[in-house]
Amino acid sequence: MLLSIDEGITGYRDDSLETVKQNRDDYEMPLKILSYKDLYGWTMDEIVAQIGRKNNCTFCGVFRRQALDRGAAMLNVKCIATGHNADDIAETVLMNVLRGDIARLKRCTAITTGSEGTIPRVKPLKYTYEKEIVMYAHYKKLVYFSTECVFAPNAYRGHARALLKDMEKIRPSCIMDIIYSGETMSIKEEVSLPTQRLCIRCNFVSSQEVCKACVLLEGLNKGLPKLGIGKSSKVKKLLDEYNTRQNNLETAVKDLEDCNITDKKTSKTCKNISNGFKQKECNATNCCTNKTERNVEKNNEKLQTVLDKYSLENNSQVKLDEEDSDDSEIKHQDEDDTCSSSCGRLGVGF
Amino acid sequence: MAETLTVEVMFGGGAELLFNKVKRKEIALPPLKTFLPDSQNQNWTLKELLIWLKDNLLVEREELFLKDDSVRPGILVLINEEDWELHGQLNYELKENDKIMFISTLHGG
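Chains as they are written, first to last, in full-length UniProt numbering: chain A, 1 to 350; chain B, 1 to 109.
Quick caveat, the hints were computed from the structure, so don't treat them as lab data.
Nothing here was measured: the structure is a model prediction, and the numbers come from that model.
No farther apart than 25 angstroms at their CA atoms in a straight line, the calculated lysine-lysine pairs in the DSS-like style are these:
1) A/Lys165 to A/Lys106
2) B/Lys21 to A/Lys131
3) B/Lys23 to A/Lys140
4) A/Lys21 to B/Lys23
5) A/Lys131 to B/Lys67
6) B/Lys47 to A/Lys165
7) B/Lys54 to A/Lys169
8) A/Lys21 to B/Lys21
Derived coverage of chain B by chain A (criterion: at least 3 residues anywhere in the stretch with Cβ under 8 angstroms from a Cβ of chain A; other residues may be distant):
9) 9-18
10) 71-82
A virtual CB, placed ideally from N, CA and C, is assigned to each residue, including glycine.
Starting from the given sequences, assemble the full structure and let the hints guide the process.
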């Protein structure tokens with residue numbers, strides 16, 4: 001069975017989906033395609049428009065992980081096989097070493113991953129060099145898709161990849177050696193590692209109380225693009241700032257409604273509004289009313305669809321008067337603002 | 001007197017996008033001395049072919065195909081369906097009707 005995830009990246013994923021469909025026809029296997037738009041209400045293009053060209057991989061990778069899990073659950077399969085090859089694993093090991101990400105380092109070299117209650121994943125091509133795979137595809141005349149993701153050049157992984165390729169030229173066995181090092185690296189006992197549990201919001205596997213995907217989504221919907229990127233202490237700080245701003249807004253808007261609006265006042269209020277999150281109507285004509293109103297509606301809609309779909313409680317409300325009750329529960333997450341190594345290469349697929 | 005040397009170049013794995021979507025092309029190479037007067041060699045080698053490609057066929061993003069004197073690491077070169085590493089890589093001397101294929105292995109995210 002084939003499962004493909006459509007992140008909504010024009011010029012990359014839409015083309016690759018055509019190839020996957022051809023694979024489905026050639027090999028006569030059923031295909032299921034899940035899109036970010038349906039699952040989360042955002043396509044990658046929209047996300048990049050909001051957050052800029054850095055840290056895209058974090059969103060894409062985190063969402064894809066979950067999307068694959070959901071898809072597998074829908075299809076009721078026993079195991080998911082991904083196409084990660086030796087080059088990918090070596091790049092991931094390098095990246096994790098460079099970032100000091102011990103937890104990931106341990107997991108990334110495992111050929112099967114999975115815990116209680118989750119569908120295991122396997123990487124059958126873990127020891128196959130990308131070069132071998134390309135040659136094989138060439139000689140066997142297999143159809144595959146071969147373009148780089150448009151956002152990849154800015155990714156952290158790109159640097160690791162460049163280094164790896166240069167090293168491979170000098171000493172081709174380095175790829176295998178790096179994988180071996182990654183597998184055998186051991187950690188001192190005193191170092192604590194996060195345990196795997198379930199996200200309190202969406203019930204998918206997570207190492208924190210609220211899983212990364214939920215945090216990222218919340219950030220997107222609130223117009224806090226940096227939520228979930230960077231140090232975890234910043235998450236709390238950002239949310240606190242956001243809530244103080246909301247409270248200030250509330251008081252300001254209440255004043256507005258009571259008395260006549262002067263230009264000075266509205267422009268002052270509008271400055272306080274971040275990313276178009278206007279809660280009540282601003283009466284001034286020189287205000288960015290139309291734009292922000294639309295944004296609010298759009299975001300509210302999105303939030304609502306996502307929440308409805310997964311029957312989540314609407315506790316991260318985009319309303320003025322309610323405190324976000326979950327803020328205090330978002331704990332430390334150890335993400336840097338670099339590309340998370342969870343991109344799940346879907347370029348070369350058979 | 002050297003005449004023109006006919007070789008066929010092919011691009012795959014995404015490399016064709018750098019060459020105006022051309023997947024295969026027959027090219028007639030002029031005598032080496034006319035193209036590169038101060039070259040050390042008498043005959044065309046892959047090294048000079050790369051320079052020729054850069055000047056004549058490569059339309060965009062040079063850094064995605066070439067690096068220094070050679071191809072960017074990650075691009076495979078096949079000479080008559082055989083890995084160029086078996087034939088001395090850049091020093092391989094081109095022969096009439098050779099088929100040189102460049103396949104990019106850099107995909108995905």
